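Asker: The chain contents come next:
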Amino acid sequence: MRTITYAQGIKEALVEEMRRDPTVILYGEDVANFGGIFRITSGLKEEFGEERVFDTPISENAFVGAGVGAALTGLRPVVELQFADFLFTAGDEIVLKAGMWRYAHGGAYRVPLVVRCPSGAAGVGPEHGQCPEAFFMHAPGLKIVSPSNPADAKGLLKAAIRDDNPVLYFEHKLLYAAKGEVPEDADYLVPLGKAAVVRPGDALTLVAISAMVPKALAAADRLAKEGHHIEVIDPRSLCPFDRPAIVESVKKTGKIVVAEESYRTLGVGAEIGALLMEEALEYLDRPLRRVAIPDVPVPTAAVLEKFVIPSEEKIYQTCRELLS
Amino acid sequence: MDRNLKLQIYRNMILSRRLEERIAELIKAGQVGGFMHPGVGQETLQCAAIAALRRDDYMLYAHRGVAYWVARGIPLEKVLCDLAGREGGTNRGKGGVMRVVYPELGVLGESGTLGGCFPIASGAGLSIKVKGGDQAVLCFFGDGTSNRGTFHESMNFCAVRKLPVVFLCENNGWAVSMPTERSTAVKDIADRAKGYAVPGKVVDGNDPEQVFATVSEALQRARTGAGPSLVEAKTYRLWGHWIGDPESYRSREEVEKQWRRDPIPIYEAKLAQEGVLNDSLRSEADADARTKIDRAIEFMQKQPFPKPESALEDVFA
Ligand SMILES: Cc1ncc(C[n+]2csc(CCOP(=O)(O)OP(=O)(O)O)c2C)c(N)n1
Numbered sequence: 001m002r003t004i005t006y007a008q009g010i011k012e013a014l015v016e017e018m019r020r021d022p023t024v025i026l027y028g029e030d031v032a033n034f035g036g037i038f039r040i041t042s043g044l045k046e047e048f049g050e051e052r053v054f055d056t057p058i059s060e061n062a063f064v065g066a067g068v069g070a071a072l073t074g075l076r077p078v079v080e081l082q083f084a085d086f087l088f089t090a091g092d093e094i095v096l097k098a099g100m101w102r103y104a105h106g107g108a109y110r111v112p113l114v115v116r117c118p119s120g121a122a123g124v125g126p127e128h129g130q131c132p133e134a135f136f137m138h139a140p141g142l143k144i145v146s147p148s149n150p151a152d153a154k155g156l157l158k159a160a161i162r163d164d165n166p167v168l169y170f171e172h173k174l175l176y177a178a179k180g181e182v183p184e185d186a187d188y189l190v191p192l193g194k195a196a197v198v199r200p201g202d203a204l205t206l207v208a209i210s211a212m213v214p215k216a217l218a219a220a221d222r223l224a225k226e227g228h229h230i231e232v233i234d235p236r237s238l239c240p241f242d243r244p245a246i247v248e249s250v251k252k253t254g255k256i257v258v259a260e261e262s263y264r265t266l267g268v269g270a271e272i273g274a275l276l277m278e279e280a281l282e283y284l285d286r287p288l289r290r291v292a293i294p295d296v297p298v299p300t301a302a303v304l305e306k307f308v309i310p311s312e313e314k315i316y317q318t319c320r321e322l323l324s
Numbered sequence: 325m326d327r328n329l330k331l332q333i334y335r336n337m338i339l340s341r342r343l344e345e346r347i348a349e350l351i352k353a354g355q356v357g358g359f360m361h362p363g364v365g366q367e368t369l370q371c372a373a374i375a376a377l378r379r380d381d382y383m384l385y386a387h388r389g390v391a392y393w394v395a396r397g398i399p400l401e402k403v404l405c406d407l408a409g410r411e412g413g414t415n416r417g418k419g420g421v422m423r424v425v426y427p428e429l430g431v432l433g434e435s436g437t438l439g440g441c442f443p444i445a446s447g448a449g450l451s452i453k454v455k456g457g458d459q460a461v462l463c464f465f466g467d468g469t470s471n472r473g474t475f476h477e478s479m480n481f482c483a484v485r486k487l488p489v490v491f492l493c494e495n496n497g498w499a500v501s502m503p504t505e506r507s508t509a510v511k512d513i514a515d516r517a518k519g520y521a522v523p524g525k526v527v528d529g530n531d532p533e534q535v536f537a538t539v540s541e542a543l544q545r546a547r548t549g550a551g552p553s554l555v556e557a558k559t560y561r562l563w564g565h566w567i568g569d570p571e572s573y574r575s576r577e578e579v580e581k582q583w584r585r586d587p588i589p590i591y592e593a594k595l596a597q598e599g600v601l602n603d604s605l606r607s608e609a610d611a612d613a614r615t616k617i618d619r620a621i622e623f624m625q626k627q628p629f630p631k632p633e634s635a636l637e638d639v640f641a
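Chains C and R supply the protein sequences, listed in that same order. Residues in the first sequence are numbered consecutively from 1, following my numbering. Residues in the second sequence are numbered consecutively from 325, following my numbering.
Read the hints as simulated data drawn from the structure, not as lab findings. Predicted, not measured: the structure shown is a model, and the values here were computed from it. A portion of the hints provided could be inaccurate.
[Said to hold, decoys possible] Partial chain C-side listing against chain R, Cβ under 8 Å, derived:
(1) Ile37
(2) Asp55
(3) Pro126
The C-beta atom is built at its ideal place from N, Cα and C for all residues, glycine as well.
Hey, can you work out the whole structure from these sequences and the hints?
Answerer: This is the structure in structure tokens:
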């Protein structure tokens, strides 16, 4: 296997799926001539032509909504929003159209749409720095993935493009440069809805999402040196959500910490807490703990951002407290 | 326009240009972080339009450049502290340089999601009307942003309710890498005004006097209860979309050609010809700008960073 970056993993997925399936198209602001503001899509217009890879006006409602229309009528559009936050800009089109069209019409249609959403705090403040996955977990009909490493970035995007449902694909800005081994197989897919146990253990279950995964692994390393073997689980896909994976792990460890870059209230951790109440309460020997953003918008200044975004240290300390 | 007004606009143009250059240096040297969209080439129109405002008017600015704040008279120290994410700015590190505010002068802020400004400007117009005032609202935006649905809904809303809002489009030919003619079907954004039965005017954005006259007229119309206007100022973005933009999407020749239309030397020549500006006034404006900027940077560098826990403040009143 070779080592490539998360950004390259995304690009390979796009290129391979576009080669394989002529109905896959890619569009959004600055994706074609410029190659995307995060430089993921450079060269794609040259290879696939302007009909399949093109730039759009700044009209999120129009182009996300058009993605729904194109998906209903036989294409597999991949739409890029420059920042995940702009999901709110196209709220009707995402929640009420992409998410509900099929259901509202009795299953008569499929909506094979992928919306690429660069997410995460990176010194860019409240309207360009959120991880809004949890907001959209509340919306029925949307699949949601949040890869944390290059192999998943590639495999999940390929699976998302082949999926017949709308998928919000969250790519974390701070992970673009992360490196890892990625299979070359053109049919390498990571199934939506399957969590990964990224580090097995029995002392505590640590669920980490997206950019929290490398931090969780680093915290688990430190705890291992102190004799605690933490099980780190990366759900990878937030809808569908691999409930059994988490319940099974908690049955083994009896303790759980959830680390996420969402706002704490009704974040992913809240859903996991409710799940455990329903399905595994008797196995928990300590209350669940959440490490999340303390219900304030993501501030811009570095010192403030650092304070609210969960750190490796915070994850480590929270696990320590639960273990003692 | 009298001599003093011409000189005031000129001085603000110079101060904005020098400040922008210094900020670019600070960013390149890694002294401050953040997202900065330079306004070099557009300061002229921004300074001229803002000169037409009254102290008690409102404004919403776009993401491009520092002239909005300079021309409105927000202390430079505050702008620089916002840029650097330090105490002493206007938003306490929460919003960075994209979100400088100044309630004392009706500077309501900026929408980081493009197009978010239009409904807010309409709301400011609504409150003026409800309270029976004669202020006006000036709302800046880019040509690319005029393709958002919020633009169309807000124009219509203001038109039917006769709200005192002047929509000022800075058409600089580009939206990041997208040239206007490929994003926008009409030749002039101002043509869209017809669809909402409001006046739409095109002006040369590199000519401050034309901008001032047209914006003043539109503001006057707003004050008398006649409703909104759309003004389109044709200009050019001389620097990249952001500091560090590789600008692979446009040709060197195009940019060089536009530098020959740089509004600052052109206005200098005009003012000199009219006898408003001479060499000593010119170097005085430049020296004055540099001193103000040096002082403001020095102030900024001495300011503390906000206390980390202050990240939890300001969510609710
Ligand atoms: C709703 C939304 N879409 C996209 C962006 C990203 N973005 C920031 S500036 C910009 C280009 C804006 O072009 P224009 O309105 O012409 O203004 P200019 O940058 O040329 O001054 C884009 C696409 C955004 N901030 N908000």
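Asker: Tell me, which hint numbers fail for this structure?
Answerer: none
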